[in-house]
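First to last, the sequence lines map onto chains A and B. With the first sequence counted from 1, adding 53 to any position gets you my numbering. With the second sequence counted from 1, adding 1 to any position gets you my numbering.
Check each hint, because a few of them may be wrong.
To be verified - Simulated crosslink set (DSSO-like; lysine-lysine; CA at most 27 Å straight-line):
1) B:Lys334 to A:Lys220
2) A:Lys220 to A:Lys159
3) B:Lys315 to B:Lys334
4) B:Lys315 to A:Lys220
5) A:Lys97 to A:Lys76
6) A:Lys76 to B:Lys315
7) A:Lys76 to B:Lys562
8) A:Lys226 to A:Lys199
9) A:Lys199 to B:Lys315
10) B:Lys315 to B:Lys182
11) A:Lys102 to B:Lys315
12) A:Lys220 to A:Lys131
13) B:Lys334 to B:Lys182
14) A:Lys76 to B:Lys308
Claimed, not checked - Sample of chain B residues facing chain A (criterion: CB under 8 Å; computed from the structure):
15) Leu45
16) Leu47
17) Ser48
18) Leu52
19) Leu128
20) Asp130
21) Gly210
22) Gln211
23) Asp213
24) Asp214
25) Pro548
26) Thr551
27) Glu555
28) Arg624
It is worth saying that the hints were derived from the structure and are not from the lab. Don't be surprised by glycine CBs; every beta carbon is placed ideally from N, CA and C.
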Amino acid sequence: MLMVVMLWLILAQQVQAQDNQSKQIDQIKVAYMANFIRFTQWDKDANVKDNQAQPWIITIVGDSAFVKDVSVAFPNGKFLDRPIVLVDLPALRDEDNPIDEQTQKKLLASHVIYLRNSNLRDHRDILSLSSSPDFLYLSDMPGMAKAGGMIELCTLKTRVTFKVNAKAIRNAKIRVSSKVLRLGIPVTSNP
Amino acid sequence: MTSPSQCPHKPSTVNWLRIALMLCLGLLLPQLLTAQEQHENAFLNLSIEELGQLDVTSATGVEEQWFRAPAAIYVITPEDIQRTGHQTLPELLRLVPGLDVAHATSNQWSIGARGIKGNYGDSLLMLIDGRSLYDPLLGYIRWNTQDLVLNDIKNIEVIRGPGATLWGSKAVNGVINVTTKSARDTQGWYLSGIGGNKQRANISARYGGQIDDNTYFKIWTKYANHGPSKKINGQDHYDDWDYYSSGFRIDTEAPDNLTWALHGGFGFSDQLGGMSTEPAPNTHFGVNSIIGDNQSLNYFLHATLKKQVSDQNKWNASASYQHSTEKIRTDLKLLRDTFDLDYRHRYATSDTQLFVWGASARMSTDHTYQSTYAEYIPDEELTYNFSSFLQSSTTFFDDHVSVILGSKFEYNNYSGFEIQPSIRATWTPDSNNTIWGAVSRAVRTPSRSSVDARSTAFFVDPSLLLGGPPSGFYLPAVIAANGDVESEKLVSYELGYRSRLPGNLTLDLATYFNHYTDLVSISNTFDINNNLAGEVFGGEINLVWTPAPTLRVEAGYSYAKTSMHGDLSDEVQASYPENHFHLRSYLDINQDLECNAALYYTGENRTFSADPYLRLDIGMTWRLNANTSLSLWGQNLLDNQHPELIDVFQMPEPTEVPRSLYLQLNMTF
């Protein structure tokens with residue numbers, strides 16, 4: 054019986070180890086997001102204001118569980134002395150219906166949009182919001198940067214890294230530090 | 002007789018309660034731990050570069066290699082490579098606190114670590130993608146026969162201090178581990194061109210493409226023409242050189258987490274410099290120096306195979322073949338073929354216990370053609386080295402304490418059986434502090450040069466002793482290996498501390514005490530022997546400050562005090578500058594313009610009377626568009642020229658490093 058219990062404990066630990074690993078990967082992605090915000094400036098003519106009085110508005114599309122990961126990551130709910138407002142959008146729209154005005158407003162008011170566990174339709178909807186967006190658009194969905202997104206977080210072998218679509222960033226009303234552009238894996242949009 | 006309550010097959014109520022409690026703990030404990038972890042993100046204060054270094058590999062989840070490593074590690078990142086203006090691998094090593102890099106001639110560097118600097122890097126091991134560049138014939142790294150497209154480098158990890166348990170008998174004072182980007186990460190075109198007064202031309206081209214869904218390739222070529230150093234009077238010296246190299250890499254991600262890569266390439270360098278030694282007419286004593294032409298051809302093939310069986314179980318194997326032909330000075334010719342096999346297996350038996358073990362073999366055959374004044378006896382030789390290692394890593398107290406214990410076991414044809422054990426430990430009280438310590442033993446096994454070489458240092462006319470005029474008859478003073486040189490030995494004690502301080506400041510401190518015995522030396526009668534021993538103590542401190550997203554400042558200082566006794570002790574003591582200091586800054590003026598600067602101070606090299614020097618490099622980079630950048634660099638700006646190492650054996654006249662300017666254009670598409 055003791056053997057069974059020990060096996061059970063070992064199994065539980067191994068399952069937990071895998072779970073911890075994916076949790077830690079998500080924590081690294083949140084840390085990357087914090088760095089990207091740190092290295093981004095929003096243009097003065099952008100709808101989204103980049104001043105100390107404004108909170109950071111981060112919209113997570115497609116994964117409510119990740120909203121929780123982000124919310125607990127920042128001590129006191131603040132980053133760079135500014136409060137963080139998290140917007141949880143599990144889906145952008147119902148099947149066959151256009152994206153509603155309220156959702157559009159939420160998206161356009163965001164400093165950061167993070168697309169996760171979602172689909173190509175949501176991605177296209179976000180791209181179609183503006184040809185010169187005010188937000189930093191991140192995702193960890195494979196192929197997102199090549200499909201017109203700005204920064205794609207990815208796991209490459211044993212490390213979490215990111216791909217950068219410099220053209221998409223330059224089209225936006227934001228200025229991302231050349232450091233981010235240089236450290237990321239450059240990709241270009243599909244024609 | 003056993004009562005029912007004592008029957009092992011029928012647990013009592015109390016035992017059932019115990020089992021139930023254990024089951025609950027088994028289920029709940031991890032949840033409790035996770036719940037605790039959910040309230041903090043240990044990675045939030047890490048920089049992008051640090052996040053990119055995290056390995057999601059071990060059974061314990063994420064392993065932060067640099068900050069928690071129980072060794073003095075410094076990582077040169079692609080950003081450092083791009084923002085410091087150095088264009089060769091040895092020059093890039095100036096960034097590492099605790100390494101002494103001296104430009105001896107335009108095509109020769111002398112690089113040492115921790116108070117010991119011998120012949121051009123003979124106590125350091127350098128690897129590119131796991132392929133050892135240590136020359137078993139000459140016994141050091143030939144820095145001028147290694148070149149890469151610098152944009153291809155993923156990182157350069159430099160371990161100061163012994164790394165022998167994992168890397169073997171050449172990793173005495175440090176390991177330089179260069180990792181290049183995979184073909185998958187270097188898709189499309191990359192072009193780079195440099196023109197300047199010292200870097201006369203430096204042109205690189207690389208193209209990466211895809212063969213199928215899982216297979217990527219890249220090919221590259223590079224040509225560099227380096228101008229000469231200066232004589233004391235400001236005239237050009239005779240040591241300019243060219244290097245041409247090309248290569249390829251194929252990466253495949255096969256099913257079942259199996260990946261393999263095949264690398265290949267060749268390089269050819271043609272260097273002026275190198276001195277032939279001949280009797281000087283009408284003198285009693287001396288040499289007549291003749292500048293020679295050195296040529297080097299090398300090519301290699303290197304295959305790696307990696308398999309991730311599970312998160313806890315992974316292995317990798319590699320095989321490589323390298324050839325080099327060296328034509329040194331006027332007529333000494335050395336041919337060498339080296340075969341390497343290596344296998345490493347990493348297996349975690351639990352969340353807290355990790356084993357790494359491996360085995361490797363190196364066989365090298367050479368053929369030497371003797372010159373008038375230098376030869377190897379015998380002229381052909383097969384050298385070999387077989388080794389295995391085992392290392393155990395155990396963590397305690399919820400990963401706060403880690404102990405790594407291991408040893409390398411090695412057999413070679415010169416010194417026989419060698420053991421190189423080490424014990425390392427870290428204490429990480431929280432995510433912002435790490436204290437580490439290590440005790441390790443390393444050996445440098447003899448090279449063929451220290452066992453079989455004979456060379457003429459200078460000539461003496463016997464009439465000098467009689468007081469008469471030069472007779473025209475000369476006796477050579479020959480430095481001769483006597484064939485029974487032993488391994489050099491080191492026992493090293495290290496203690497280090499890392500901290501993330503408030504205000505975006507990172508501190509890295511390492512101290513050491515090294516005790517060397519049986520160092521190879523040359524006696525008064527010109528025999529090569531092991532009559533040198535001594536101690537080195539010192540420390541290195543490095544601070545990185547990021548006061549704003551657009552500014553990064555790094556400052557480092559190192560001190561090394563060498564105390565030797567035995568043959569050549571004064572020379573060895575004096576050859577390593579005691580003090581080094583550097584200050585670097587990376588500034589983004591705006592999104593498209595950056596300004597980078599670096600100041601390096603190196604103390605006096607007393608052996609060759611090279612004064613302390615201060616070197617200032619400043620560079621500006623404009624990003625013309627998403628794919629193109631233009632850089633202007635000035636190096637050694639504080640003086641017209643300065644000596645870094647005066648090597649009387651390489652050049653008849655002292656060489657000095659000149660101020661240099663260059664323009665660089667980079668394009669990707």
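Checked hints:
no. : hint                 : verdict
1   : B:Lys334 to A:Lys220 : violated (53 Å)
2   : A:Lys220 to A:Lys159 : holds (25 Å)
3   : B:Lys315 to B:Lys334 : violated (43 Å)
4   : B:Lys315 to A:Lys220 : violated (38 Å)
5   : A:Lys97 to A:Lys76   : violated (37 Å)
6   : A:Lys76 to B:Lys315  : holds (21 Å)
7   : A:Lys76 to B:Lys562  : violated (47 Å)
8   : A:Lys226 to A:Lys199 : holds (20 Å)
9   : A:Lys199 to B:Lys315 : violated (31 Å)
10  : B:Lys315 to B:Lys182 : holds (21 Å)
11  : A:Lys102 to B:Lys315 : violated (48 Å)
12  : A:Lys220 to A:Lys131 : violated (31 Å)
13  : B:Lys334 to B:Lys182 : violated (34 Å)
14  : A:Lys76 to B:Lys308  : holds (24 Å)
15  : Leu45                : holds (5 Å)
16  : Leu47                : holds (6 Å)
17  : Ser48                : holds (7 Å)
18  : Leu52                : holds (6 Å)
19  : Leu128               : violated (18 Å)
20  : Asp130               : violated (14 Å)
21  : Gly210               : violated (14 Å)
22  : Gln211               : violated (13 Å)
23  : Asp213               : violated (17 Å)
24  : Asp214               : violated (13 Å)
25  : Pro548               : violated (12 Å)
26  : Thr551               : holds (7 Å)
27  : Glu555               : violated (14 Å)
28  : Arg624               : holds (6 Å)
In terms of the numbered hints stated before, the structure departs from hints 1, 3, 4, 5, 7, 9, 11, 12, 13, 19, 20, 21, 22, 23, 24, 25, 27, listed from lowest to highest.
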